[in-house]
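> Since chain S is already given, all that's left is putting chain W on it; use the hints.
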Amino acid sequence: MIQTRFMRETILPQEAAPHRTSGVLLWVRENLFSSVTNSVLTLLSLWALYATIPGLFQYLIVDAVWSANTGKECLAENVGRPVGVCWAFVTSHMGYFIYGQYPEAEWWRVDLFFAAEALGIVWLLWPNAPYKFAGIIYFFVIFPIIGFVSLTGSTMLGLTPVATNFWGGFLVTIVISTFGIVVSLPVGILLALGRRSDMPIVRLVSVIFIEFVRGVPLITVLFMANVMFPLFLPDGWRPDSLLRVLVGVALFFAAYMAEAVRGGLQAIPRGQYEAAQALGLGYWRMMIKIILPQALKIVIPNIVNNFIGLFKDTTLVAIVGIFDFLKTIQASLADPVWRAAGMPFAAYIFASLVFFVFCYGMARYSMWMEARLDTGKRH
Amino acid sequence: MVIAAMLRKHSADVYVLPNSAEVGSNWRMGMKKLILAAVISAASFGIATAASAGTLDNVKQKGQVVCGANPGTAGFGVPDQQGNWTGLDVEYCRAIAAAVFNDPTKAKFVPLSSKDRFTALASGEVDVLIRNSTWTMSRETTLGIIWAGINYYDGQGFIVNNKLGVKSAKELNGATICVQQGTTTELNVADYFRANKMEYKVVTFGTSEEALKAYDSGRCDSYTTDRSGLAADRLSMTKPDDHTILPEIISKEPLGPVVRQGDDQWLNLVKWVHNALLISEELGVTKANVDEMMKSENPEIKRLLGVEGKFGESLGLSNAWVVQIVKALGNYGEVFDRNVGPSSPLKLVRGSNALWNQGGLQYAPPIR
Numbered sequence: 000m001i002q003t004r005f006m007r008e009t010i011l012p013q014e015a016a017p018h019r020t021s022g023v024l025l026w027v028r029e030n031l032f033s034s035v036t037n038s039v040l041t042l043l044s045l046w047a048l049y050a051t052i053p054g055l056f057q058y059l060i061v062d063a064v065w066s067a068n069t070g071k072e073c074l075a076e077n078v079g080r081p082v083g084v085c086w087a088f089v090t091s092h093m094g095y096f097i098y099g100q101y102p103e104a105e106w107w108r109v110d111l112f113f114a115a116e117a118l119g120i121v122w123l124l125w126p127n128a129p130y131k132f133a134g135i136i137y138f139f140v141i142f143p144i145i146g147f148v149s150l151t152g153s154t155m156l157g158l159t160p161v162a163t164n165f166w167g168g169f170l171v172t173i174v175i176s177t178f179g180i181v182v183s184l185p186v187g188i189l190l191a192l193g194r195r196s197d198m199p200i201v202r203l204v205s206v207i208f209i210e211f212v213r214g215v216p217l218i219t220v221l222f223m224a225n226v227m228f229p230l231f232l233p234d235g236w237r238p239d240s241l242l243r244v245l246v247g248v249a250l251f252f253a254a255y256m257a258e259a260v261r262g263g264l265q266a267i268p269r270g271q272y273e274a275a276q277a278l279g280l281g282y283w284r285m286m287i288k289i290i291l292p293q294a295l296k297i298v299i300p301n302i303v304n305n306f307i308g309l310f311k312d313t314t315l316v317a318i319v320g321i322f323d324f325l326k327t328i329q330a331s332l333a334d335p336v337w338r339a340a341g342m343p344f345a346a347y348i349f350a351s352l353v354f355f356v357f358c359y360g361m362a363r364y365s366m367w368m369e370a371r372l373d374t375g376k377r378h
Numbered sequence: 000m001v002i003a004a005m006l007r008k009h010s011a012d013v014y015v016l017p018n019s020a021e022v023g024s025n026w027r028m029g030m031k032k033l034i035l036a037a038v039i040s041a042a043s044f045g046i047a048t049a050a051s052a053g054t055l056d057n058v059k060q061k062g063q064v065v066c067g068a069n070p071g072t073a074g075f076g077v078p079d080q081q082g083n084w085t086g087l088d089v090e091y092c093r094a095i096a097a098a099v100f101n102d103p104t105k106a107k108f109v110p111l112s113s114k115d116r117f118t119a120l121a122s123g124e125v126d127v128l129i130r131n132s133t134w135t136m137s138r139e140t141t142l143g144i145i146w147a148g149i150n151y152y153d154g155q156g157f158i159v160n161n162k163l164g165v166k167s168a169k170e171l172n173g174a175t176i177c178v179q180q181g182t183t184t185e186l187n188v189a190d191y192f193r194a195n196k197m198e199y200k201v202v203t204f205g206t207s208e209e210a211l212k213a214y215d216s217g218r219c220d221s222y223t224t225d226r227s228g229l230a231a232d233r234l235s236m237t238k239p240d241d242h243t244i245l246p247e248i249i250s251k252e253p254l255g256p257v258v259r260q261g262d263d264q265w266l267n268l269v270k271w272v273h274n275a276l277l278i279s280e281e282l283g284v285t286k287a288n289v290d291e292m293m294k295s296e297n298p299e300i301k302r303l304l305g306v307e308g309k310f311g312e313s314l315g316l317s318n319a320w321v322v323q324i325v326k327a328l329g330n331y332g333e334v335f336d337r338n339v340g341p342s343s344p345l346k347l348v349r350g351s352n353a354l355w356n357q358g359g360l361q362y363a364p365p366i367r
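Taken in order, these protein sequences are the chains called S and W. Each residue of the first sequence is one higher than the last, beginning at 0 in numbering that gives the first Met the number 0. Each residue of the second sequence is one higher than the last, beginning at 0 in numbering that gives the first Met the number 0.
I should point out that these hints are in silico values taken from the structure, not numbers from a laboratory. Note that the coordinates shown come from a computational prediction; the quantities given were computed from them, not determined experimentally. Take the hints with a grain of salt, since some may be wrong.
[What the hints assert, rightly or not] Calculated from the model, a selection of chain W residues having no Cβ within reach of chain S, i.e. all distances over 10 angstroms:
1) Gly71
2) Gly74
3) Asp115
4) Ala231
[To be verified] The calculated SDA-like cross-link candidates involving lysine to any residue, where the alpha carbons are at most 20 angstroms apart (straight line), are:
5) W:Lys61 with S:Pro160
6) W:Lys61 with S:Leu74
7) W:Lys61 with S:Ala162
8) W:Lys114 with S:Trp107
9) W:Lys212 with S:Leu74
C-beta: ideal position from N, C-alpha, C; glycine also.
Next up, chain S with everything else stripped away, as it sits in the complex (with noise of 0.2 angstroms):
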């Protein structure tokens, strides 16, 4: 019998796959080398790598100095052998930078306020976290009392009080950036919705708001709430010089977030609205329910860009006298004791690496949120 038909009866191993479609190679050759200006390109900066990252290595971390008592015990000369950044002056001053002028035996109450404060944004940003309204008026209403309380002392619960002026460093940073950002974007959100309102005078008064305050620059807002406020006051009534620069802060970022907010709305398109009304929504349940949350949904980036600047801009508030991380440390780089060559690269890094950590992480959290708010045009 002639066998007219082959079939096989096992199956072959499978073979890898030809080197051209997949692995390593390839993928270095189709996006590192894929024509002459990318592999110049490519080559380019591998070469800037290797020329600055092993003397950034050796600078920051191998040759640095980490226990000194002077800026004089940093000096190559007295450690006997090359040095790098003078990490002792940032490990020896790290109380003063986190927590300024504050009473040590104290600290333990800015801890409190630090971590009562990371409980809110965990609470409120981790969107699988449980008892979101509570999370919220936890974060709006108890988490002030607690920090307020903690930080400023209380007679009857035996915290002793501690004047603003001795808080400083990241701690009034902190205070600050919260402070305008808790009260920024809700009242950005009311003088955006005034500013569109057929209301005249609601509209007036948002419109003046807004444009006043968008055609002067912040340091000039600061310089009035802490040099030229006090002028129009009684004397012996100076509220706190701290509390003058927050609202001056807040006030000053909400009409920017207005603006963001108003862009928001500007996007969305006529039949919402009209869809809200026909459903026979009043004002407000249309705004929260249908209008705002596509609104913000769209200008999300716009808003965390405001957040990013406000918490760069806390910087500012060293020209007015208050001591924000920035200025703390610029002001230790003063002492005489600690001062030797090198020691600004030391404090400068420092604080650019701490505002770095703060800045990427508030980005890479928005830009987490779009995509997993983007829910329009995922199809």
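Chain W only, in chain S's frame:
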């Protein structure tokens, strides 16, 4: 109520869609001008009233002296590692607190930049400004402020590298000088070299840090600023010991506490706190021996320490006011030594700041 009524309109059944019509821009401009005018007139009114109140009564009522302070100047006002303010100017503020409250910690420091320091004083934001402020005629005649004394005689000097072998500023002919742009420092150099008929080349920089760095890297033969600043700047050189501050002083920079005009009681108090520090040094009253000195037979010491006479009361203080100051901080010599003198990293010599009977300029009128 009006706002509530306006908001209520939104609950009506008909909605007008948001329109983008905004208020006319002309109207807006007019409004801005109006507000500005109101702000300016209110501000000038405020300055007139703030100065007339009794500062000492205010201070006693507040329970603390509010001092305009340095935002970080080595030796004069700078936070130490723990964040406590230290420095010559800072201790002057503590001395006032000690005189008024018998407690040097009842001083609040408001760090001020050089731009807003006089405004802050005039507006009453601070009670006294002790912040490296140079006493000049125009400041005193136009800003409504008055100096209560000179707690540090400063002046512009030069720093040179030892390699140069220059021992006096007179030998700087043909030198290249690093200097901060647009400061009186730059003008003083020009005056000095012209007056001494010397040639020089100036290299200017936007900030003092840049100028200093350029000098340190060998770009210039000399760097110039106030001598108290030079002492601090020398510490930040790559090799501090290679540099010498030349003995010549080419400008007068008298630094001292400043108060508002129109409150002579407060002016007297600040002035006499300064004088008391000087007299204590002159009479040998120190932090350590002040209790023993109370028993001294010397009539001058008796008057100083309030054993005899009612000099403190005439200032609105207790008669033991000097005892309170010296117990807390010591005399002028001790304060100087600790903050800018030999016991500090700055190691400045007394020079013009020595007492008058030791060849310096510090001279206090007698208490009698």
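> What's the verdict on Lys61 of chain W and Pro160 of chain S, does the C-alpha distance respect the 20 angstroms limit or exceed it?
15 angstroms, holds
> Keeping to a limit of 20 angstroms between CA atoms, is the pair of Lys212 of chain W and Leu74 of chain S held or broken?
16 angstroms, holds
> With d taken as the least Cβ-Cβ distance between Asp115 of chain W and chain S, does d exceed 10 angstroms?
The claim breaks: Asp115 of chain W does not keep its Cβ more than 10 angstroms from every Cβ of chain S (closest is about 5 angstroms).
> When you check the alpha-carbon spacing of Lys61 of chain W and Leu74 of chain S, does it fall within 20 angstroms?
Distance ~46 angstroms between Lys61 of chain W and Leu74 of chain S Cα, so the pair is violated.
> Regarding the pair Lys114 of chain W and Trp107 of chain S, is the alpha-carbon distance no greater than 20 angstroms?
37 angstroms, violated
> Beyond 10 angstroms from chain S, beta-carbon-wise, is Gly74 of chain W?
6 angstroms, violated
> Under the criterion that the straight-line Cα-Cα distance not exceed 20 angstroms, is the pair Lys61 of chain W, Ala162 of chain S satisfied?
13 angstroms, holds
> In terms of Cβ atoms, is chain S entirely out of 10 angstroms range of Gly71 of chain W?
4 angstroms, violated
> Confirm or reject: Ala231 of chain W is not an interface residue toward chain S, with every Cβ-Cβ distance exceeding 10 angstroms.
6 angstroms, violated
Checked against the numbered hints above, the structure violates hints 1, 2, 3, 4, 6 and 8; every other hint is satisfied.
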